[in-house]
Amino acid sequence: MLNVYSTLETWWLIPFCVILLTGILCPAMGTILITHKRLLQVNLISHCVLPGLVLAVALGVSPSIGGVFSGLFGSLAAEALTNKKNENYEAIMNTILASSLGLGVLLIPLLGIRIDLESVLFGDLLTANLGDLSRTIISFLVFISLILFGYEKLVHIGLDQEGASDSGIKVSYLNLLLGLTSALVIVSSMSAIGVILVIALLSAPALLGLQQAPSLRVAMVRSAIFGSLISVLGFLLAIAFNMSPGPLVAVLCILLIGLLPRKRNN
Amino acid sequence: MASLIAENLTYSYSRQSHLVLDEVSVELKPGTMTALVGPNGAGKSTLLGLLQGRSKPNKGEITIDGHPLFDSRSQVALMPQRGRLNWNFPITVEGLVSLGRVNHSRSTCCELEAALQRVGISDLANRRLDSLSGGQQQRALLAKTLMTPSKIILLDEPCSALDPPAREDFLLIIRQLADAGLSLFISSHDWGISLNAYDKVVALDKHVLASGTPEVVKEKLDSFSCMHSSYCRA
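Residue numbers (the numbering used here), protein chains in the order written: chain X, 1 to 266; chain D, 1 to 234.
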């Protein structure tokens, strides 16, 4: 009986930890992606996650592994398109993005499996479990490792990709690592905010964090602070008004955009 | 001190495509400022890429003090065109300049301070890059290039976006670097009085049209009866 009471009292703990970590991780990652002009590619990754996830469920493998693999495939496709400097690459990328999502949706009835599509796309934070939390922690650790071992190289690539390559940095290798980490972050945020709405949490806090930041490191810390505040606020409001936390956090991100300073026209 | 000699460089992007450079020869001596002028598509950036060792010529040879370029690539540094950089990246002048040695060794604060002093922007060290004027940004980029141990500095259109006073200031700074013994090879669209600031001019349009002192080159190009309208003086 006591155990039931204690479970009832602490049900919020795991969802809270998941949203807090996601609120820190996504904006920090988003700061790198915005400065590297790779946000559209990450949008592609997020849409590519679904087919792999569905296939993984059909094969009896962890959905996260399938999601990361198909996200990585999306990342490679985006990389190839960007490297070829195809003038239509934005249009092609958007087509692949929509097609991947369509493929994922079609595979569900074709493979005869049951997946709660709404919770994958838009999150289902209040039912987050230890598995979701450990997935978020793993993504967090991978992200921290990337920063610890590759920070200066990431700065050099973001500033001058050709110059970084000239000075001996393996740019394509690091871009691949960035794609892999992005796929992990997107899959890990599936339960908190969903693979589609995560773009809001990757972008809005980062835009605010980047304002006048003297370094990428400072920008990432600021973005993470804004992101965690907005995520926790969304979580609390969702509980108070019995709403879905993922969409609410995405809507709250609009408030951050409103805080951006307006450029004066001379 | 290092001398660079490039002889009969020929280059095309693929076997089928037309020649971008045809039998181009250049000599860069220590302590000199050489201008590389030519119209758009003349092959200026391609030539700088070859001299930097970024790509190999189809024909010809590049040596530094008698050694093949690929044995002494660290002797050559390139200051890229400003369009190549992401100027909105969150970084200070100090952060940018310290990247100059990212793969060579850890830069000491003295080296960093010296590079900033050489281009006259010590007071801007903590300013964010996108808060600087175009001239100050170019100086910061030059300071980053000076962090390398290279004695031959290639500058790809460093004055293209600068107003005349900023351009003059920049030319004064690179003159001081040349006087300190560096070899500077500067590509430019300038065709006028500012060419007099250089010791030597190489006029390029896939092949070398003229080479020598600014006066000699201007005379030679004028005698081409303005075949290349971009070289004609008003």
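Any given hint could turn out to be false.
To be verified - Just some of the chain X residues that point at chain D, by a computed CB distance under 8 Å:
#1 Thr35
#2 Ser62
#3 His156
#4 Leu159
#5 Asp160
#6 Gly163
#7 Leu207
#8 Leu210
#9 Gln212
#10 Ala213
#11 Pro214
#12 Ala238
Source of the hints: derived by calculation from the structure; they are not laboratory data. Glycine included, each C-beta is placed from N, C-alpha and C at the ideal position.
query: Does the nearest C-beta of chain D fall within a distance shorter than 8 Å of the C-beta of alanine 213 of chain X?
result: Hint holds; alanine 213 of chain X Cβ to chain D Cβ min 4 Å, cut 8 Å.
query: Can we keep the proline 214 of chain X interface hint, with Cβ of chain D closer than 8 Å?
result: Hint holds; proline 214 of chain X Cβ to chain D Cβ min 5 Å, cut 8 Å.
message: Please check whether aspartate 160 of chain X passes as an interface residue: C-beta within 8 Å of a C-beta belonging to chain D.
response: 5 Å, holds
- prompt: Holds or violated: alanine 238 of chain X as interface residue toward chain D, Cβ cutoff 8 Å?
  reply: 32 Å, violated
- prompt: Hint check: is the beta carbon of glycine 163 of chain X less than 8 Å from a beta carbon of chain D?
  reply: Since the shortest Cβ distance to chain D is 6 Å, the answer is holds.
- request: With a cut-off of 8 Å on the beta carbons, see whether glutamine 212 of chain X makes it to chain D.
  value: At about 7 Å, which falls below the 8 Å cut-off, the nearest Cβ of chain D leaves the hint on glutamine 212 of chain X intact, so it holds.
query: Does leucine 210 of chain X pass the interface check with chain D, least Cβ-Cβ distance below 8 Å?
result: 6 Å, holds
- prompt: Hey, does the leucine 159 of chain X contact hint survive, CB to chain D under 8 Å?
  reply: 5 Å, holds
- prompt: Does the nearest C-beta of chain D fall within a distance shorter than 8 Å of the C-beta of threonine 35 of chain X?
  reply: Holds: closest Cβ of chain D sits about 6 Å from threonine 35 of chain X, inside 8 Å.
message: Please check whether leucine 207 of chain X passes as an interface residue: C-beta within 8 Å of a C-beta belonging to chain D.
response: 12 Å, violated
- prompt: Holds or violated: histidine 156 of chain X as interface residue toward chain D, Cβ cutoff 8 Å?
  reply: 5 Å, holds
- request: Verify the interface restraint on serine 62 of chain X: the C-beta must sit less than 8 Å from at least one C-beta of chain D.
  value: This interface hint is violated because 37 Å lies over the 8 Å limit.
Going down the numbered hints, you'll see the structure goes against 2, 7 and 12, while the others check out.
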